[in-house]
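S.K.: Sequence:
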Amino acid sequence: MNSRGASHVAQGVKFAPDCVVSWSTRTRPTCMDTLPLRFALHHFLDSLLREGLCVYAELWSREALVASRGDPTNAAEPEVVQQVDLGGKPYTVLARRDDNPFLPPLDVAAVRRCAEACQEATSPQGAKTPPSDTLARTLDFVTDAFVLVGHGWEILHCNLAFERLSGFPDSALLGQSLWTRCGVFKLPAIRTQLLSALANGQASEIECWNSDSDRWLYVRVFPCTEGLSVFVQDITARKKVEETKLDLERQLSQGRRMESLGTLAAGIAHDFNNVLSAVIGHAGMLREKLDAHHAARLHADEIWVAASRARDLTGRILAYSRSSRGETDKQPLKALTRESVNLLKATLPTTVRLNAQLDGQEVCARILPSEVQQIVVNLCTNAWQAMPNGKGHLHVNVSHVDIREEMPVDTGVLQPGSYVMLTVEDDGAGMSPDVRAHLFEPFFTTKARGEGTGLGLYVVSGITSAREGGIRVSAAEGKGARFDVFIPACDDEHTDPTFSSVPTLKGHSERVAYIDDDPVVCVMVEQLLNTRGFVTTTFADPESALQALLTEHFDIVVTDQNMPDVSGVEVANILRTRGVELPIVLSTGLISEELRKTAKDAGICEVFPKERSFEDLPTLLIECLARSPRAGAAS
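When we follow UniProt numbering, the leftmost residue of the sequence shown carries the number 1, and every step to the right adds one.
Do not rely on the hints blindly, as some may be mistaken.
Computed list of lysine-lysine pairs in BS3-like fashion (alpha-carbon distance at most 30 Å, straight line) [what the hints assert, rightly or not]:
(1) K240 <-> K289
(2) K506 <-> K289
(3) K345 <-> K330
(4) K391 <-> K479
(5) K330 <-> K391
(6) K600 <-> K506
(7) K345 <-> K479
Ranges between beta-carbon positions, derived for each pair [said to hold, decoys possible]:
(8) V401 <-> E606: 28 to 36 Å
(9) T263 <-> N200: 53 to 61 Å
(10) N389 <-> R256: 54 to 62 Å
(11) V275 <-> E441: 30 to 38 Å
(12) D271 <-> Q361: 25 to 33 Å
(13) Q361 <-> G478: 35 to 43 Å
Derived from the structure by calculation, the hints contain no laboratory data.
Note that beta-carbon positions come from the ideal geometry of N, C-alpha and C, so glycine has one too.
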């Protein structure tokens with residue numbers, strides 16, 4: 001290499017970035033004035049550091065090792081412990097790999113080659129003459145692409161990494177224009193950076209995406225006498241690690257939001273379930289008092305059906321908060337969809353034409369009636385809200401399909417089998433590919449702030465996944481959208497969810513103590529049980545109930561579990577310790593295996609889920625009374 005070439009290399013070394021040795025927090029830096037050492041050792045090891053290949057790479061002088069009062073290599077657990085003589089002084093190079101599982105291992109051999117090159121470059125013999133060959137070889141050890149360009153953008157020097165980046169050998173690069181020999185520098189952001197650095201003489205750095213190679217690049221520019229020293233580093237691996245970390249953080253945040261939402265929903269659903277229980281109970285008693293042909297009987301029936309569906313929905317929310325799917329029976333999908341459509345018609349604007357094709361042979365699937373209502377209402381609501389000016393056509397259809405091989409859908413892959421397909425189609429605005437990609441994510445919405453929660457389609461997706469089904473979406477911008485919801489089918493035998501039979505069993509003036517802190521439920525249960533032949537006393541306060549139970553005669557106790565101060569299980573334990581032997585029924589909207597075990601240990605004979613209709617309560621009380629020791633003694 002001639003003297004001019006050596007000067008070019010020296011310029012690259014002189015303006016190499018980050019020429020400060022990396023130190024752990026337990027050490028003190030050692031000043032290094034030897035120019036090749038400053039670049040060759042640290043810049044190479046710093047490149048490893050930035051790529052995550054080592055946690056730190058340190059240069060220790062003998063004085064620093066003594067001052068550390070121990071051997072730092074033990075604490076650091078280095079993979080490289082290299083002794084070098086730099087500029088006539090002994091040093092120790094320490095380096096170890098990162099524990100990050102996403103990153104490759106430390107290149108031990110490369111670290112040692114770099115240290116040896118530094119030693120050669122700073123030897124007394126090398127110090128007498130410009131160490132051009134050594135400097136050039138040192139630059140070739142650097143993982144970053146390096147190029148030195150003149151004021152006319154001609155390439156004066158480059159390393160092996162730059163040759164790989166450009167795709168040309170140095171013989172085809174030296175003296176040629178930077179703009180024609182390396183496509184990376186044609187990127188607008190990098191070109192602007194270089195032009196600015198040469199014009200104002202200030203160093204700069206930038207990260208940018210190269211779409212041609214699908215790589216992230218980190219470019220640093222340093223003005224010098226010859227022109228510009230430019231370093232280009234591929235940071236794609238680091239970016240992937242950062243993206244993975246951000247993705248995990250987003251998932252964690254989303255999980256916390258969903259957990260908070262579940263807790264909030266469970267509390268609301270529990271309280272709302274009490275209100276619905278009162279509505280269902282009163283509607284049931286009203287139905288019994290009205291003749292089947294009475295004009296008001298139809299309205300009572302509709303109230304009972306709608307409230308029962310709402311109760312199923314709150315049960316679903318409670319099941320979600322307990323991470324449970326809930327028990328299901330075979331349900332007629334066409335009948336349930338027809339009910340949901342009839343309810344929906346009252347809320348749709350008159351500018352939306354709703355066409356439901358639900359005639360023909362019934363098809364069944366195992367699913368909760370409230371889940372069908374959620375699917376229909378959410379999909380139809382999204383459809384009409386996507387219509388320009390709220391005007392358009394909406395089609396709903398239920399059919400039976402057989403899938404003979406695995407079929408990819410937007411929410412996964414459907415296995416071969418028989419399915420019920422519920423279709424909702426509109427002629428609205430459709431959606432872009434970007435919107436479709438995020439369609440089923442929680443809290444994702446295209447509506448204005450405050451106009452949507454972004455949970456509608458997420459809920460629909462959760463229901464179908466829980467039932468081992470899926471959703472297929474067909475949509476394009478300006479051409480409407482179609483949602484096909486697939487649910488595994490079963491035979492057409494099903495339990496009728498519309499009306500339960502009127503209980504035939506009645507009490508014979510047995511005295512019932514009913515404890516619930518909700519006065520609305522107390523009024524309804526008292527009237528219901530009294531019409532079934534019981535004599536009922538209700539208590540909104542557990543303390544007053546306990547006083548009455550200890551001094552008065554009762555045949556059976558029904559108590560709510562979740563009450564302030566004293567729970568239902570605690571009521572049972574207090575009665576047992578006071579020697580009161582009565583059959584006790586525990587009523588609750590939140591049932592778990594732990595609660596069942598606790599209730600059994602407290603001597604409670606039955607746990608009554610509030611999701612069930614209170615019309616079933618009289619029959620349950622008669623069964624509990626028949627099993628009680630008192631009944632056996634009386635017989």
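S.K.: All hints are to be evaluated individually against the structure, with a verdict given for each.
M.R.: Hint by hint, here is what the structure shows:
no. : hint                      : verdict
1   : K240 <-> K289             : 69 Å, violated
2   : K506 <-> K289             : 16 Å, holds
3   : K345 <-> K330             : 26 Å, holds
4   : K391 <-> K479             : 14 Å, holds
5   : K330 <-> K391             : 36 Å, violated
6   : K600 <-> K506             : 26 Å, holds
7   : K345 <-> K479             : 24 Å, holds
8   : V401 <-> E606: 28 to 36 Å : 43 Å, violated
9   : T263 <-> N200: 53 to 61 Å : 57 Å, holds
10  : N389 <-> R256: 54 to 62 Å : 39 Å, violated
11  : V275 <-> E441: 30 to 38 Å : 32 Å, holds
12  : D271 <-> Q361: 25 to 33 Å : 41 Å, violated
13  : Q361 <-> G478: 35 to 43 Å : 36 Å, holds
The structure shown violates the earlier hints numbered 1, 5, 8, 10, 12.
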